[in-house]
Amino acid sequence: MAGEKLETVAVEQKPEERPQINSFGEFWIFFKNELRPKGNPSTVFNLLSGIAIVFGILLIVYRFAVGLGHPVTNLNQSFPWGLLIGFYVMCGVAFAAGGYVLAFIVYVLGVKKYRPVLRAAILNAFLFYVFCSGAIVVAFGRWWNIPNVFLGIEFGASSVMFVIAWLFLLYILTAALEFSPAVTEWLGKERFRKIAGSLALGAVAFGITLSILHQAGLGALMTMAKGKIHPLWYSEFLPVMFFISSIYAGLSLVIFEGTISRKVFTYQIDEEHRHSNDDIIIGLARICGGVIFAYFSLSIILTQYKGDFALINTAMGYWWLLEVIGFVAIPGLMFIHGAQKKNPVTIRAAAIIAMLGILLNRYNNVFIAYNWDLPFAEKYYPSFIEGLTTLAIVFIQIWVFRWIVNRMPVMRKSPQWASRLDKD
Amino acid sequence: MDRRTFLKIIGSGVVGVATGNLLTPGKSSAEESLSGKEFYGILVDTTRCIGCRSCEKACAEVNGLPIPDISETTNETVIKSLRQTTDTQYTITNKYETGRGTIFVPKRCMHCNQPGCVAACPVKAMKKRPTGHVTWASNCIGCRLCMVSCPFDIPKFEYEKAIPRIQKCNLCWDRFNQGELPGCVEVCPTQALMAGSRRQILEEGKRRISANPDKYIDHIYGEYEAGGTSHLYLSAVQFDQIGFRKDVGIKPYPEYSAPYLNAIPFIATLTPLFMLAISAAVKMGKENQKEKNEEKNEEKGKH
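Line order of the protein sequences matches chains U and F. One point on numbering: in our numbering, the residue at position 398 of the first sequence is 398, and numbering is uninterrupted. One point on numbering: in our numbering, the residue at position 203 of the second sequence is 203, and numbering is uninterrupted.
Everything labelled a hint here was simulated from the structure, so no lab data went into it. Heads up, a few of these hints could be off.
Covered stretches of chain U (in silico footprint by chain F; criterion: 3 or more residues with CB under 8 Å from a CB of chain F, positions within the stretch not fixed) [stated by the list, open to error]:
(1) 70 to 76
(2) 102 to 112
(3) 203 to 211
(4) 246 to 255
(5) 332 to 341
Here are the computed lysine to aspartate or glutamate pairs in the EDC-like style, where the Cα-Cα straight-line distance is at most 16 Å [claimed, not checked]:
(6) K251/F to D373/U
(7) K57/F to D87/F
(8) K189/U to E17/U
(9) K246/F to D214/F
(10) K246/F to D373/U
(11) K95/F to E61/F
(12) K112/U to D373/U
(13) K80/F to E97/F
(14) K306/U to D247/F
Just so it is clear, CB atoms sit at the ideal spot from N, CA and C, and this is done for glycine as well.
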């Protein structure tokens, strides 16, 4: 203890406050205390998101009472999947990819530079997966049967859905392990931190494996929709395409989230991190640029390989070009340009466009270019309730993210006692 | 190699193999069924169908669905528009004007030999029975991947219900077990429908084609489509003129997702090992760099 005091004085920081929790009762008091909002609760964002969340929850209750038909969703027999699955299962999981990509960069490649954004990325990955499973419960028709996938007497082992459900569960557990050091640091338990630290490290390779399989699996879900998805989007390489695009989708989210967090959680971020932030973003942009270049090339090569270039001169072809040029190639060039000129503004803009591109690509696969040849009147477009429900779940996720960041060392550095444990 | 590294490698190998095996797809579920009895099916001769919709009514009666009005006057208006099967209609009849006159085509589940919907189902709620019937059960989670995966757009979902089901023709599975004909086959007034083992109806179809080469085109839809189906169609005109998809191909649909499923054990086993290898290589590189720097410094010190 004496040594610790000396050290804290040496770097001129105020002595660390550390909760003293030695029993479950004490934990409960501590937890109740922490539940209270920190900072000013009456902001415009809180008001608007609060309203959306209240209405969203009411609408979700309504959905469970009446089913998924009109007016809850605009889904029909030709479009079994819509906004909720399209956003959370397809895009949300892609945005969660930052967790495994950064874990790979920091732990496997040993690039320490990116450590300051690692925890936020893992937390985001964990939350995207958790809220995705929430969205799945809302979106699946017979949701009370979902445990059948894990406990059922019969396993549909030849089903991609079965495989990714298991990967999903395993990755949530893995991401929780990877994030557990932050939780133990929040609780101030040194003994738990020791265990969590080694578990987190052990979980990394496992998490990367599960993520690669899961991201590819989302593409594999659509492989049997051959003939329904427009040929420009469909190919047997969908799993590969989904995996590759998840890399830059996840990193774009890390850049985007970092931009907002830098403003919202200013007081959390120390001087050192603030300076290295631009450097981190530039590094990530370089990776994104490279991966997008690979993805773009693969898109073109696949089109050539399938012999679909003739299809480009059609309405759907222009739509495809818009996606591939406007939302893949252009942000890719912006990433590279921004990295070379060391211009974070260009990079942040590129990240947003790249994320929109991911939304566009996943929506195309699930409902825009899906059954593209149906007459316009039979087409699917999201209903108001679907939109609001999705928005509400996103807001709840943001609230939980904020709650955690305000309490656990995600943006800020780990407390000294914990960092010392890692060095030992 | 120290003990820790060794354990790490063994550990990730074991974890990888475990995940691989846990998530390894079984043999395509339809292949198992191929070993048993012969598949049961229906031969649909579209040259005989008169569009009376008796099969629609019989189907509704047998399956407890809303009974359609099939009087001649209603028929005329109903059959004007092209219809799809719905969650309350397992079978429907469409009318097509072709170069060889008006042709009526009853449409329902094709009962594929290797169904996409069965391969897609994560809980085996959708099943290919040993006798070829594709049936649905209530352990379904409502994910609707079967709808995405069916090349013929057959499984329908009850969106309007709080407790929804997937609805589709099950080739009268219950009646089959009691030794009865499917409802539609039983009532067909012109014998446009013929039930039997897939071998029997395929033979009968071929016999009709060779006996009347002018009447039929030389193609039985479902013989090879999507890997073969238990619902077979005869026609006087090319099938794309009477509402059939020509791009279905002859590959069984489960095979489209098989490459991914088959790759899982390999990815699951190799990725953690590669991660360890990369990490080890990075460490070696760093140590190398360190040594070089130290050597340089020493040399500098000497001078």
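Each hint tested on the structure:
Coverage of the region 70 to 76 of chain U by chain F holds [criterion: at least 3 residues with CB-CB distance below 8 Å; count 4]. Using a Cβ-Cβ cut-off of 8 Å, 5 residues of the region 102 to 112 of chain U lie near chain F, which meets the minimum of three, so the contact claim holds. Only residues whose beta carbon comes within less than 8 Å of a beta carbon in chain F count, and the region 203 to 211 of chain U has 6; three or more means the coverage holds. Here's how the region 246 to 255 of chain U fares: 0 of its residues keep a CB closer than 8 Å to some CB of chain F, so the rule of at least three is not met and the hint is violated.
Given a C-beta distance limit of less than 8 Å, the hint that chain F covers the region 332 to 341 of chain U is violated, as 0 residues qualify and 3 are needed. The straight-line distance between the Cα atoms of K251/F and D373/U is roughly 23 Å, outside the 16 Å bound, and the hint therefore fails. A hinted pair counts as satisfied when its Cα atoms are at most 16 Å apart, and K57/F with D87/F qualifies at roughly 15 Å. For the given pair, K189/U sits about 13 Å from E17/U by alpha-carbon distance, which is consistent with the 16 Å threshold.
The hinted pair formed by K246/F and D214/F fails the criterion: a straight-line CA distance of about 22 Å is larger than 16 Å. For the hint linking K246/F to D373/U, the alpha-carbon distance of about 15 Å falls within 16 Å, and the restraint holds. Restraint check for K95/F and E61/F: the C-alpha separation of about 23 Å exceeds 16 Å, so the hint is violated. Taken as a hint, the K112/U and D373/U pair is broken in the structure, with Cα atoms around 50 Å apart against an allowance of 16 Å.
Restraint check: the Cα-Cα separation between K80/F and E97/F comes to about 11 Å, which is no more than 16 Å; the hinted pair holds. With a C-alpha separation of about 14 Å, the suggested pair K306/U and D247/F falls inside the 16 Å cut-off, and the hint holds.
In summary, the structure is inconsistent with hints 4, 5, 6, 9, 11 and 12 from the numbered list given earlier, while agreeing with the others.
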